[in-house]
Amino acid sequence: MKTKSILLAGFVLGAFAVSGVSLVAVTHEAVDGRIADNQYQAMKRKLDTILPSERIDNDPLQDGIEVKAREYLGAEVTEVYRARNGEDPVAVVLEPIVPDGYAGPIKLLVSVLHDGTIGGVRVISHHETPGLGDKIEETKSDWVLEFNGKSLRNPPPEKWAVKRDGGEFDQFTGATITPRSIVNAVKSTLIYVDQQGEALFKAKPAAPADEKERT
Amino acid sequence: MSAPQSYASIVGEGIWSNNQMLVALLGLCPLLATTTSATNGLGMGLATTAVIACSNGTVSLVRHLVRPEIRIPVFVLVIASFVTLVELIMQAYFYEMYLVLGLFISLIVVNCMIIGRAEAFASKNRVDRALVDGLAVGLGATLVLTTLGALREFVAQGTIFYQADLLLGEAAKGLTVSLGDDYQGALIAILPPGAFIGLGLMIALKNVIDKLVRRLKTAAKPAHSDPAAHAEAAAT
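Just so you know, the sequences run in chain order A and B. So for the first sequence, UniProt numbering puts the first residue at 1; every next one is plus one. So for the second sequence, UniProt numbering puts the first residue at 1; every next one is plus one.
Incorrect hints may have been included.
Derived pair list, reagent style EDC-like, types lysine to aspartate or glutamate, alpha-carbon separation capped at 16 Å [stated by the list, open to error]:
| id | chain 1 | residue 1 | chain 2 | residue 2 |
| --- | --- | --- | --- | --- |
| 1 | A | K202 | A | D63 |
| 2 | A | K2 | B | E69 |
| 3 | A | K163 | A | E146 |
| 4 | A | K187 | A | E158 |
| 5 | A | K202 | A | E79 |
| 6 | A | K46 | B | E96 |
| 7 | A | K187 | A | E95 |
| 8 | A | K107 | A | E79 |
| 9 | A | K44 | B | E96 |
| 10 | A | K187 | A | E168 |
| 11 | A | K46 | A | D59 |
| 12 | A | K4 | B | E69 |
FYI, nobody ran anything at the bench for these hints, they're computed from the structure.
With the sequences and hints as input, model every part of the structure.
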């Protein structure tokens, strides 16, 4: 009698687990393509704002590689997207991580044109203080636009710092740590791209981006 | 079992007199974390409502099947499934909103309010009542989340429903109220303490309103024998 009721309870519980999982699996299958498409579109919109799209004829998101350069880019593995015009390299887009933000790591998107100047910098995710450090978001202030057109020659490397440290970049009132760490991260991204040179464009592309996102 | 509650009293309890957030103080984690703007509060409230209505309905449907000793794991399974569904659907149709609320959507699973309603109400009532209760409780929570979000957003950055288009589409841009760019704002409102202060004020306000209503009711009762007082009570 006791065993029977335990078995019955186990069976009912198992039935719920199976139906719950199937419901989720069916829905996942149904909306999966849409979700991957959303992610792709969101990324593409971001890329379009920091790349000279009129000079590009490939889809950089389909032309990505993974590089390992923790000391320059902050993460074990970093995505690098290549923008080309026919055979000519136009720009690379990297996703470096700023390890030393005021409230944890900050994820960036940096495009570097083939001549070594910055096409644009955007903040993808961060946990900085609302109202102080979050002015790094493009929707909140124009600060990240300061990087446009900068390179390791303009300003020279020793001037790649916030004004308080004798550099050229603005800091925010009440928040110096956030801008300082982002300026450093962008600088080391530039150094990395400069060191790699053509190698970044020559590397074989990894699996297409949309297939990776599905895993 | 006692006589079943009327729909009106279920709705009244869910939205006002037994509001799970203002009275039972359940679900404080999403309340504190996501109410940094009216849009976020509304999004979180609607997601919670969807989950609670679905879980209430399902729990009520299977209430005779589920033996008492396994009811809690079954509730957890049901709620977890629906939360995952809501999360997937949000990713597919409200992607921008999902990016803002992402982490907290999965945390709806551990919102005590939902398992609380499953255990206290849905497992003892008919499906229609359980559904009404889920919707009412969810609506009550949505109202609190949206109001607190609007309050904090307004004090901190001088806007209400900023970026409402993320949730409600382009047409909702007209919803945004703004004081203009000159407003300096009180940062504390958008930081975690601001949520506690705001919630405290809302609970206090609810208690004051309840007290006023009670006083009016007791004042109105003896009025039947006194025409002058009756007229006065009606006027107020």
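| Which of the stated hints cannot be reconciled with the structure, identified by number in ascending sequence? | none
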